[in-house]
Amino acid sequence: MSLLDIRNVSKTYHIGQTATHALRDVSVQIEEGEFVTVMGASGSGKSTFLSIAGGLNTPSSGEVVIDGIEMYNLRGDKLSDMRREYIGFVFQSFHLVPYLNVLENVMLPLAPTGLSSKKQTAAARTLLAEVGIAEKEKNLPGELSGGEQQRVAIARALINDPLILLADEPTGNLDTVTSEAVMNLFTLLNGQRKTILMVTHNPAYRSYSTREIEFRDGMIVKDSGARAFAFQTGETVAIGDMIGQADERNGES
Amino acid sequence: MKLYHVGLKNLERRKFRTALLTVGLGIAVAIEVALVGLTKSLESDFAKKLDEYGANIVILPKANELSLDYGGIALSGVSFGTNTLTTDDAVKIKTIKNSGNISTIAPQLLTEASVGGKKVIVAGIDFNAEFRLKRWWRYAGSQPVQPNDILLGSSVAKALGSKPGDTLKINSVKFEVAAVLNETGSQDDRVAFISLPVAQKIFGSKNELSLIEVSALCYNCPIDEIVRQTQDKLPNANVSALRQTIESRMDVMHRLQHFSEILSVAVVLFAALMIFVTMMSSIGEREKEIGIFRAVGFKRKHVILVIVVESIIMSLGAGIFGYATGLFGAMAAQPLMGIQHLQGFGISAFLTSLVLAMTVGVTAALYPAYKASRLEPTAALRAL
Ligand SMILES: Nc1ncnc2c1ncn2[C@@H]1O[C@H](COP(=O)(O)OP(=O)(O)OP(=O)(O)O)[C@@H](O)[C@H]1O
Ligand SMILES: [Mg+2]
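Which chain is which? The protein sequence lines are Y and W, in order.
Just so you know, the numbering used here puts the end of the first sequence at 253, numbered straight through with nothing missing.
Just so you know, the numbering used here puts the end of the second sequence at 384, numbered straight through with nothing missing.
Heads up, none of these hints are tricks.
Under the rule of at most 30 Å between Cα atoms (straight-line distance), these lysine-lysine pairs were calculated in the DSS-like manner:
1) W:299 x Y:138
2) Y:138 x W:9
3) W:233 x W:92
4) W:2 x Y:119
5) W:158 x W:169
6) W:2 x Y:194
7) Y:78 x W:299
8) W:94 x W:201
9) Y:78 x W:371
10) W:15 x Y:138
11) W:9 x Y:119
12) W:299 x Y:194
13) Y:119 x Y:136
14) Y:119 x W:301
15) W:118 x W:134
16) Y:118 x Y:194
17) W:94 x W:40
18) Y:194 x W:288
19) Y:78 x W:9
20) W:134 x W:40
21) W:15 x Y:136
22) Y:138 x W:301
Here are some chain Y residues the structure puts well away from chain W; computed CB gaps all over 12 Å:
23) 41
24) 144
25) 146
26) 194
27) 203
Keep in mind that the hints were calculated from the coordinates and are not lab data.
No residue lacks a Cβ here, since even glycine has one placed at the ideal position from N, Cα and C.
Chain W on its own, in the form it takes in the complex:
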């Protein structure tokens, strides 16, 4: 009989105790795995949603760099210089290395025109892209789909006295008011939106664009990298990140990460405590056994070997069981929590559960050994 046999026999002959401790430790690990994974998934889902919410990159023609201020839309008419943006440029954005991170590309042609006899900023847009980008848009009427549909900002509609269903003329082309936007408090209130191809046609600007708004998913990828890649593809344009938007998003994300880190630490501590309590419930029994080992001439290191062998095997079992249970638990919870993609259950999560189980299991098992080894063998034998 070798020393490790002693530990193995304990696991084998006291199946109920072994099962109880394995399941106890396993459940603690499972809770940790599931909670940490679900938080991570929620976090990345949330980051994605956040990134899709409005543009975080703006592309302007180089020539108009100074005169075109998107924030205030101070337009001095669109100048058609040599460095113009075109519809082709919008397509090129999709060819960058990190194209997977590009969520929405919304091209615009801005111009001033007379609408129903009043000077109004008219924007030619891709309605689908624009509605995807500006998820906060609310409107009365129906979403514009026809080439001659027009969408009015609230101030424009008020100034023109128009409501959905009315007809308007721009450069003698007839449009039907499909919808009126609710007040947004932004420049959109003062703009009339029509479809991009129609705008390019009636303003005689072929395939030219005033600006392109892009929403990039930059949770996992630095925005600067995407900006650089886009700039390389569009040498005639000026690509810039909307710092303010990005910073505030990062701030939100960091808070969420912080929260989930605190949660994980709390869960790990809870798991450790749970298993510790379970193990401590049989500490007297353990101490007595250790007293026997010591009395028959085991050295301290022999006792520790017996206990470590036993607890490593048990903890490995608990780690695997805990990981599997945690993963299944998270898969069950996924639809309830509205998570689209589960994340944080990869190899590193598996290794984490093994390490967690081992650390807690072995520490909890060594504690009685440590305690008993400080006692005289006679005192340890009295334990219980």
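Isolated chain Y, as found in the complex:
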């Protein structure tokens, strides 16, 4: 059984009289541990695909099965549980809550859980240290650079230890150096068997992934298929260090 099984998914957006067929009968299976880059021209349906895979957008037809559970058959509250427990989502425009500081933003998915504040804080601090901005935990999102905000968003996506990390152009608003740091972070996470789907416009990032899918006009036109891959073992560099180095090169920090 695949971790993520997308079966005959179509999505049509209706605005007034015009209908946009964003996805047309898309089927694909993603196995645990894969790092998939999703490519394709603007408007080809990548974001739609990702949001449907992440339980944020109901398909017009078709099924999305994660870990054997058909997501869009769930009632509203169960779907919320699913999002919280199975999926971490990173958006191109970060989507941090402006009035919550860095630490609080990372803890946000834990707020509805019964977890004690102490444990929440400890978990959030660990992740902030991993993504390398522990020293900014009291800052508000508005006081951070784009790269820093994206790292907060990644930490937030990881706080529930999701099975799947979905990232829609996570480097889209970042410069090359910071982007590379994020890619290294993803590689590291994938090394820890985290399944990752990442939309990107940068062909260079294909090399980080284990599989590429390409969309055109709402259909998958290319799929490199699950490539035999070896987990990097003996990785010793901390993620935070890598990003920290990137920031220094970038003149940030």
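Start from chain Y and add chain W with the ligands according to the hints.
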């Protein structure tokens, strides 16, 4: 971090927004509190004035029940039977349980006498009480004060050819015409008024009275209750309410109340609209936040909890601020509006302002939550 922290942080970190919404809602509440309170005060002031305007209770001796018709003053001479009214009875009225509602007691002794050679109805009255009761009296001359002053109704003065300053004789007692009443169109035109003790003396009727007119403040108290209490104190008298007067006053008061109710409803609607518009101005921002909450796995009820906590705290603040502002505003407006006693600012007004602020504030805050929760999270995230 608990869910309610999220709402609290929003209030705390976006102080300007919080202050703006609190003040906006507070001002709406203040307008409601002030307007409703002022109308109520005006209403009760007005009711009091209305009640003081003429008598609404008449007390007659039981024996003369049928022969004495006050409306037309068809007097067949005052009979001095066993069931007579006395000056003591007038004093007793002040001892009823609802004595606080008694505004004026005007005793009268009526008799027919020869004045300047003509048969005229003479009324012995308490000048002060009578002038208080009959606020519509206008006269030429000066208000009678001396024991031998006489006040003439317009027809009497015409018949006698008297004017202020003239002297007249009743039963060989000399009186000076202090004033002549302008025409009233009532029985008062055909009466000569002298002071009560003097009348009792010259007509040899000691402390007896023909009738007592009472004006009771019955806005807050049923007139029947006052009548009953008075009747209990004066078993030998016949106490009756002037129904017609009371009914017409009630009618006026009901119209005023109706008007003030409509006004309050209009003000509340206006207040609700005002705050709704303010809240709606940031609906896109709210929807996006809710999209984030939903995307990270908040259930609908979690989103609602965040929003309700936030809006309840804000609305409570607005309710208290609004009540205080409304009260101060009304106190400032009170002298300008000539209101004697402020009413309608008690605990119930305070609770009303809290409930009003909460209802409007929470409803307006829940609307974007409701709207956003019907959207897909992706659509909510696009909002703005
Ligand atoms: N909420 C929406 N309402 C209407 N049409 C939409 C909506 N979202 C996407 N679309 C349309 O669906 C099509 C696919 O959009 P989508 O965002 O999935 O593309 P994309 O591949 O992510 O593009 P990009 O690379 O520019 O982000 C486009 O034609 C887009 O205009
Ligand atoms: Mg996109």
